[in-house]
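Number of protein chains: 2
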Amino acid sequence: MATNQDDVKLLGAVGSAFVCRVQIALKLKGIQYKFLEENMANKSDLLLKYNPVYKKIPVFVHNDKPVSESLVILEYIDETWKQNPILPSDPYRRALARFWSKFIDDKIIATSIKAVHTVDDEKEREKNVEESSEALQILENELKDKFFGGENIGFVDIAAVYIAFWIPLIQDITGLQLFNAEKCPNLYKWSHEFLNHPIVKENMPPRDPIFAYFKAHYESLFVSK
Amino acid sequence: MATNQDDVKLLGAVGSAFVCRVQIALKLKGIQYKFLEENMANKSDLLLKYNPVYKKIPVFVHNDKPVSESLVILEYIDETWKQNPILPSDPYRRALARFWSKFIDDKIIATSIKAVHTVDDEKEREKNVEESSEALQILENELKDKFFGGENIGFVDIAAVYIAFWIPLIQDITGLQLFNAEKCPNLYKWSHEFLNHPIVKENMPPRDPIFAYFKAHYESLFVSK
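So the sequences go chain by chain: A and B.
The first sequence runs contiguously to residue 225 in this note's numbering.
The second sequence runs contiguously to residue 225 in this note's numbering.
Honestly, I wouldn't trust all of these hints.
[What the hints assert, rightly or not] Below, a list of computed lysine-lysine pairs in the DSS-like style, where the Cα atoms sit at most 27 Å apart:
| id | chain 1 | residue 1 | chain 2 | residue 2 |
| --- | --- | --- | --- | --- |
| 1 | A | K49 | B | K201 |
| 2 | B | K43 | A | K49 |
| 3 | A | K215 | A | K56 |
| 4 | A | K123 | B | K114 |
| 5 | A | K102 | B | K183 |
| 6 | A | K55 | B | K29 |
| 7 | A | K56 | B | K127 |
| 8 | B | K49 | A | K127 |
| 9 | A | K55 | B | K102 |
| 10 | B | K144 | A | K144 |
| 11 | B | K123 | B | K144 |
| 12 | B | K144 | A | K65 |
| 13 | A | K107 | B | K65 |
| 14 | A | K107 | B | K49 |
| 15 | B | K56 | B | K183 |
| 16 | A | K55 | B | K144 |
| 17 | B | K201 | A | K102 |
| 18 | A | K43 | B | K55 |
| 19 | B | K65 | A | K102 |
| 20 | B | K107 | B | K49 |
| 21 | A | K56 | B | K56 |
| 22 | B | K102 | A | K56 |
| 23 | B | K43 | A | K107 |
| 24 | B | K107 | A | K127 |
| 25 | A | K9 | B | K43 |
| 26 | B | K43 | B | K9 |
| 27 | A | K43 | B | K127 |
| 28 | B | K82 | A | K102 |
| 29 | B | K27 | A | K102 |
| 30 | B | K102 | A | K107 |
| 31 | A | K127 | B | K114 |
| 32 | B | K107 | A | K43 |
| 33 | B | K144 | B | K82 |
| 34 | A | K183 | B | K114 |
Simulated from the structure, these hints should not be mistaken for laboratory data.
Sequences and hints are given; from them, build the entire structure.
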């Protein structure tokens, strides 16, 4: 139950798409929170205490009770603070939102991250690029309105922030072709609308340092071979 | 919205842990449904129509509206038919149930299936067995009551049906050691309580033909090398 004395914390790091999901949801709900920046190379005791299973960010902490896994956190936030719903109210539309968000995690994010990291196996890399592109194409065909949530942004839009911001970044750094205006005109248009949404816009990380960080990480993959 | 004239179908196959989850949930809710047995070697047009993305079972169809992904289906059933709740009502306990169910999918089921299939890479197989065993150990420490749901079975218990029925089967067929009474006394006790729960008991597939089916599948992995 949310009260006026809520203690709300988010353990995260600028540059994580999963953390960004939670930040957008909190902003949408108008929830004040304390952002605790984690250094993933030197994890804090608080992170190890609150997420002993995965030791990963984001961890959302509400009155000392931790919740991990970004989609689980989004559901928790939506159930705890009822204003500006993130999920639709109809059970069937809720099921579809959960289905597509899981699809984004499993078929778009996981495969594109694999594609980036398989620098020493061209065939495997191509397979992952292809899988990721095909998944983006499937999602493209699901977008019927301005947003996945209709006229307003919702669960799937927030889950898809990785597509709007991180995939173009990955493409610029790696040269991999996953997504463009020609292949996915709906998604491409959506990504611009989404990133320009006032709530989203003020929660996106600054592009230049994130670009530099991921570029350095990508280059390190070759050096370590 | 559920009505008296509901048309409820489940596309599935006897022997699938994911289908079994949905069957237990439907039985728990007292929902009558038509079971449509799929032959996964020759998928029906209905399956391809209702789950064009994954072409997998289970697919739950309520008044001609399909829902895929077993955990998404469980949530849909719980939101549509309110009797005998599967998820707790408290948002924090709901978040924990979702977290642990995802953990079971990602860290126990996925790794144990990988372990079974990496018959030509002993090192990789051992790694997967270890990961799966460690995850079972973590889950073991989370079990504080008779069931994960407390005195009654709930979301995590249903998600964990794979551990109660399929893991012992896999161990008997492959000789892999993932789970036993010594390593995981709580989970072991739970698995017996769970399989003897009247609702669960009448929904479990018959062991012998399932054993024979998985054994044949396992042996084929060696033949094809």
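To see whether the hints hold, each was checked on the structure:
{"no.": "1", "hint": "A:K49 - B:K201", "result": "violated (38 Å)"}
{"no.": "2", "hint": "B:K43 - A:K49", "result": "violated (47 Å)"}
{"no.": "3", "hint": "A:K215 - A:K56", "result": "holds (22 Å)"}
{"no.": "4", "hint": "A:K123 - B:K114", "result": "holds (21 Å)"}
{"no.": "5", "hint": "A:K102 - B:K183", "result": "violated (32 Å)"}
{"no.": "6", "hint": "A:K55 - B:K29", "result": "violated (37 Å)"}
{"no.": "7", "hint": "A:K56 - B:K127", "result": "holds (21 Å)"}
{"no.": "8", "hint": "B:K49 - A:K127", "result": "holds (26 Å)"}
{"no.": "9", "hint": "A:K55 - B:K102", "result": "holds (16 Å)"}
{"no.": "10", "hint": "B:K144 - A:K144", "result": "violated (46 Å)"}
{"no.": "11", "hint": "B:K123 - B:K144", "result": "violated (34 Å)"}
{"no.": "12", "hint": "B:K144 - A:K65", "result": "holds (18 Å)"}
{"no.": "13", "hint": "A:K107 - B:K65", "result": "holds (23 Å)"}
{"no.": "14", "hint": "A:K107 - B:K49", "result": "holds (20 Å)"}
{"no.": "15", "hint": "B:K56 - B:K183", "result": "violated (34 Å)"}
{"no.": "16", "hint": "A:K55 - B:K144", "result": "holds (22 Å)"}
{"no.": "17", "hint": "B:K201 - A:K102", "result": "violated (30 Å)"}
{"no.": "18", "hint": "A:K43 - B:K55", "result": "violated (41 Å)"}
{"no.": "19", "hint": "B:K65 - A:K102", "result": "holds (19 Å)"}
{"no.": "20", "hint": "B:K107 - B:K49", "result": "violated (30 Å)"}
{"no.": "21", "hint": "A:K56 - B:K56", "result": "violated (30 Å)"}
{"no.": "22", "hint": "B:K102 - A:K56", "result": "holds (15 Å)"}
{"no.": "23", "hint": "B:K43 - A:K107", "result": "holds (22 Å)"}
{"no.": "24", "hint": "B:K107 - A:K127", "result": "holds (24 Å)"}
{"no.": "25", "hint": "A:K9 - B:K43", "result": "violated (48 Å)"}
{"no.": "26", "hint": "B:K43 - B:K9", "result": "holds (16 Å)"}
{"no.": "27", "hint": "A:K43 - B:K127", "result": "holds (25 Å)"}
{"no.": "28", "hint": "B:K82 - A:K102", "result": "holds (24 Å)"}
{"no.": "29", "hint": "B:K27 - A:K102", "result": "holds (26 Å)"}
{"no.": "30", "hint": "B:K102 - A:K107", "result": "holds (16 Å)"}
{"no.": "31", "hint": "A:K127 - B:K114", "result": "holds (19 Å)"}
{"no.": "32", "hint": "B:K107 - A:K43", "result": "holds (22 Å)"}
{"no.": "33", "hint": "B:K144 - B:K82", "result": "holds (26 Å)"}
{"no.": "34", "hint": "A:K183 - B:K114", "result": "violated (34 Å)"}
Checked against the numbered hints given earlier, the structure breaks hints 1, 2, 5, 6, 10, 11, 15, 17, 18, 20, 21, 25, 34 and satisfies all the rest.
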